[in-house]
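Number of protein chains: 4
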Amino acid sequence: MKNTFGSSVAVTIFGESHGNMIGAVLDGLASGIDVDENFIASQMELRKSVGALSTARREADEVKIVSGVFNGKTTGTPITLIIENKDTRSKDYGELAYKARPGHADYTAQMKYHGFQDFRGGGHFSGRITAGLVASGAIAIKALRKKGIYIGTHILSCAGIRDRDFSDIAEDINRINNLDFAVLDENSGQAMTEKIADARRDGDSVGGRLETAVIGFPSGVGEPWFDTIEGVLAHILFSVPAVKGVEFGDGFELAEKYGSTANDAYFSENGNVYTKTNHSGGILGGITNGMPIVFRTAIKPTPSIYKEQDTIDLNTMQETKLQIKGRHDPAIIHRARVVIDSVTALVLCDQLALRYGTDWLAE
Amino acid sequence: MKNTFGSSVAVTIFGESHGNMIGAVLDGLASGIDVDENFIASQMELRKSVGALSTARREADEVKIVSGVFNGKTTGTPITLIIENKDTRSKDYGELAYKARPGHADYTAQMKYHGFQDFRGGGHFSGRITAGLVASGAIAIKALRKKGIYIGTHILSCAGIRDRDFSDIAEDINRINNLDFAVLDENSGQAMTEKIADARRDGDSVGGRLETAVIGFPSGVGEPWFDTIEGVLAHILFSVPAVKGVEFGDGFELAEKYGSTANDAYFSENGNVYTKTNHSGGILGGITNGMPIVFRTAIKPTPSIYKEQDTIDLNTMQETKLQIKGRHDPAIIHRARVVIDSVTALVLCDQLALRYGTDWLAE
Amino acid sequence: MKNTFGSSVAVTIFGESHGNMIGAVLDGLASGIDVDENFIASQMELRKSVGALSTARREADEVKIVSGVFNGKTTGTPITLIIENKDTRSKDYGELAYKARPGHADYTAQMKYHGFQDFRGGGHFSGRITAGLVASGAIAIKALRKKGIYIGTHILSCAGIRDRDFSDIAEDINRINNLDFAVLDENSGQAMTEKIADARRDGDSVGGRLETAVIGFPSGVGEPWFDTIEGVLAHILFSVPAVKGVEFGDGFELAEKYGSTANDAYFSENGNVYTKTNHSGGILGGITNGMPIVFRTAIKPTPSIYKEQDTIDLNTMQETKLQIKGRHDPAIIHRARVVIDSVTALVLCDQLALRYGTDWLAE
Amino acid sequence: MKNTFGSSVAVTIFGESHGNMIGAVLDGLASGIDVDENFIASQMELRKSVGALSTARREADEVKIVSGVFNGKTTGTPITLIIENKDTRSKDYGELAYKARPGHADYTAQMKYHGFQDFRGGGHFSGRITAGLVASGAIAIKALRKKGIYIGTHILSCAGIRDRDFSDIAEDINRINNLDFAVLDENSGQAMTEKIADARRDGDSVGGRLETAVIGFPSGVGEPWFDTIEGVLAHILFSVPAVKGVEFGDGFELAEKYGSTANDAYFSENGNVYTKTNHSGGILGGITNGMPIVFRTAIKPTPSIYKEQDTIDLNTMQETKLQIKGRHDPAIIHRARVVIDSVTALVLCDQLALRYGTDWLAE
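Residue numbers (this note's numbering), protein chains in the order written: chain W, 1 to 363; chain L, 1001 to 1363; chain D, 2001 to 2363; chain V, 3001 to 3363.
Since the hints were made in silico from the structure, they are not lab data.
Small disclaimer: the values here were computed from a predicted structure and weren't measured.
Every residue, glycine too, gets a C-beta built ideally from N, C-alpha and C.
Among the hints, erroneous ones may be present.
Stated by the list, open to error - Simulated coverage check for chain V against chain D, where a stretch passes if three residues somewhere in it have a Cβ under 8 Å from a Cβ of chain D:
(1) 3030-3044
(2) 3177-3189
(3) 3255-3265
(4) 3299-3313
Said to hold, decoys possible - Far from chain L by the CB rule (all over 12 Å, computed), these chain D residues:
(5) T2074
(6) K2091
(7) R2175
(8) S2219
What the hints assert, rightly or not - List time: in silico DSS-like cross-link candidates among lysine-lysine, alpha-carbon distance up to 27 Å:
(9) K3147(V) x K3307(V)
(10) K3147(V) x K2325(D)
(11) K2073(D) x K1091(L)
(12) K2257(D) x K3307(V)
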């Protein structure tokens, strides 16, 4: 449903890049869950731009909780988080008001909203809207941790540079969650940031792949049809701007394997069942098997580049040229990673509440 | 929602591999749409196994429409399609009744349903359940064609062999929709079937990648958040058994590109707007842009193989060995392709009904 | 959503009065719940017509479970129940094929489905479609009983005759659930059936009010907004044909009281909290308080009467006269009662699964 | 779904009586609809208390639109309306912090939220939360008017005084929409306000019945099952605080009639079809027939009264006495009326968008 996602635990997002405020309503979370405003603030920091890789716009992005939290804990009723847009001084948008930026949603917005959309800074299509997901997701991430469930995402590859694979996932998750630029291998990270700096110099941009792991998640959650864990996660992941691919476990590589190497053999230890490998990414038949949930997302390069591009005028639908000015991110992959964690946490909280009841998360 | 998917047009599926019958309820389709039972039957044929690649089980798979169609046309009320399971003679399932087949959902089903699941032939997890999707999807596919919207899927790669890319998509769609083994390049197809035959000989199995294109779909359909076209398609695609990855446009490859090569430049011709390339797969900001919708799905190799595998006993959760007997498909990718087309058609009918109203599809 | 209702536990119904078969898919019920086919059959009997009050059509209404039940217990996957329409010999519908019966949905069906609807016997609008609700509801009713939750409905009034109020609700529920014509006071029942017989003689029909009570339902279930217990129950109750009003507790009478007499004072006994009165019908702020849930539904008189009526021709939309022939029920209130129980049980199972998790009902 | 209601057009509400702010997110409304802030303000005035009937709390209730409106028109993306709670000075709630007020949701909130709920002023259960519904509903009401659809609600009865019935509905709707205290007959209104003043003097409270009519609504909208117009309207109506009954057309009275007087005969005039009477309230088989939609809601008396009441202590669950102090409304029925109009408008916009597509309302 449009701007609301989830069933037992649901999030609604709103706002435009240059409007008054953006935010989210997080509904259905159990009552009695601690809300840590410092943690929310630190997650918001991760979503913001970093050093040399940053945009000019530096919002405070202060999250204000205006409902659903009482005495520092969730009440069980909707939690509303708002973030004022401060850096929205009126300005002349010039040709961006009517020229469709290639790779952006300007043209499709026009076809859907017939010119009534707020075009300023991408309006409701702006990556800025993910701030509401990060703020609400932070509460979900904290709640999951209390139940022993941890999520972490690293930049698996960027501009041709590849990070190392997950090894000790628990340790790796802990490591990357403390980093601004989330890579497991420091050298790879260094090489990536150099490539990003190069792209900036060239007036170009890069994308990359993110890899996410979830540990501590119980088995037996998810549905065989339609609401598979893969399906519900992919549904929300594809609304994170720039995501163009989602794969679970070995994903597209798995498709090239033989069954004899693709199957995950079982073993048991102290009464618990595990698989020797995890090609399936912790999900079989749409249902979790207790192994780490692992997936990767493809992040396309930021479409705002400085080279002149062929485009059309949205008023006349005639051809024209566009040269984007101003300062833009040459990469958003390092910022997208906390958005991925956040939507993952929101989906998992929903799945757990559906499976074990609305109070389970607070028990 | 579990076994129901869709909003304005929704499908509900039911049944188990060795139960009485399987089927689907297709609800919300406009009244007055032609229902072509021959076309349904021919789509069911595509879903069945083909020649040397086939399983022993050869059901007639006769689709009986028991509601929602009157005088050959949809009434607007639920269309129920049932398919009797004929080849379900009672037999001894032996160790398959309690040993988890690696790569299958036996273990996760046990964790979710606590031993009450129908284990015979995979029960509700069986690929056989897709027959209901194909039967209902056939009605949707036909309805879309009448509106000038065509869907086609080919086997992009299988066992290391790659098909050629789409070139003239309209022509290519037409070509593959008449093939049992849907490849654009005959030689590639020949090589793939040989590889599949090899895998069969080795008691092994293969997977592959499918590529789907949709043409004639209007622009301006989809949502910027949550119900992006990518998100809703991926949601249902991931419940097609064996799908472990979904990517739109250039997908994971796009993630490795620079913005300057990733953006699709616009041009206009006779008052219509097009993009020169289609790296985004016809979707920007979650909304269609009128270009072909293109996506790829990763199909993991069939998990039923003949080599001995390490597994666990579901009753004791202790380690054991499993050697699967009987005849099983060494590949299902050529059969999965019509399932992908079907669920795609169902999702697109829903999106169109939401956008243009419930009657549009019949107008 | 059209023909599907519920969230964690959902029912989908299908079929037309004179089609091939009708039925229901019950999805999301916990695995391991006993399915008592005899009980289903006895509930189906209650839905059928009784003695002198009956219609000519006497279907066997044999319910066949074709999925979701294995070894007598729910598997956790969709339970499909089908009922063949046996008494549907082809006949000439004459003027009923194109004249709108006043009080029926013929005209509104025409406006919605443009003439493609199955008009025979009311098609998908027929009260016969409730058979699927009763069949699936029977499984829900039994499951609730195992958790100590009992539902019962009596005919509170019919044709000016009033039944006595509930007194010992547990005993009263038990009593009426064993009656074909569910009244608490035998004499009232006798008087009602006489009035119904009179109406039949006059070629007329009667309606009435049903009163339902639920005991043993836990407190703390429901939502303050939108998904109030009243709201979700009313939502499904209004789709039971002929229902035109729903009130909880003292309902419309409560509206005429003063606060000092309307409020239910609390008391506690052995650590449990109760209210001295139950004007609110067991629900406050949309949430159950542990007291009996009590509501009443208004059933309008059966619209099929034998007097000549002014109507319109659906083809020409011009005025015409209609005289309905054949045999029709002079009352359906005694048959509607089991439908009310059934949909109530379905809604309550859904609410409990949402609150306590998907497995709770089977624990 | 909890605090979100609707499908194509959906509203999400949030906030607590004494929290920071309350509000609503209205999602899915077509782009290009005029947003009249003055009209929103005037609807908010209707929701506030009136003269001698008022509470002490007099909020400005200024609605601030923070997203989804650009240049005075809807953008098509979520419209967020916020209302700051100004009159929430910290104070000692005394025994109201732990004693359950009879007739209020204090006890059920405790059972659901385990003491974490915001108890101040009823928290999320407060009638104040309806302000978000009125603000968003005002946009819907205006949009409907532009399409020729008008909604009006009058106080049919209050404290034993009865207003006259609707006669010329169009004129009557126009009349009551300009009144603070919405009655068709001025004398009845005078008598009602006197009764309310009496109740106030006695430390007591009254309820009443509201009657709503909608004209200009097209035929053929709604569903035969589950999403009947009655069902979806009742669903949301029952979440309006104090509503305990909903009936359509003649409702409970219809249940007492004979078929021969209950059926609405058809006639045609200038090619249009009408019914001579409107006992069914404009809905047959769940679908509109083009006649006025008419329904009544039962509003229970405000539970806050000044007489001492028996209750329980929420901490100990032991019996205690409660004497509510401060100033409270002796009636809310005259304020509830605009809430009823608002939720009706929201539901109807959703139904129209589902039927005719997302853009219809702005065409």
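Against the structure, the hints:
1. 3030-3044: violated (count 0)
2. 3177-3189: violated (count 0)
3. 3255-3265: holds (count 10)
4. 3299-3313: holds (count 12)
5. T2074: Violated, because the least Cβ-Cβ distance between T2074(D) and chain L comes to about 7 Å, which does not exceed 12 Å.
6. K2091: Per Cβ check, K2091(D) is outside 12 Å of chain L; nearest 16 Å; holds.
7. R2175: 34 Å, holds
8. S2219: Since the minimum Cβ distance to chain L is about 27 Å, S2219(D) lies beyond 12 Å and the statement holds.
9. K3147(V) x K3307(V): 49 Å, violated
10. K3147(V) x K2325(D): 42 Å, violated
11. K2073(D) x K1091(L): 20 Å, holds
12. K2257(D) x K3307(V): It holds: about 15 Å lies between the C-alpha atoms, which stays within 27 Å.
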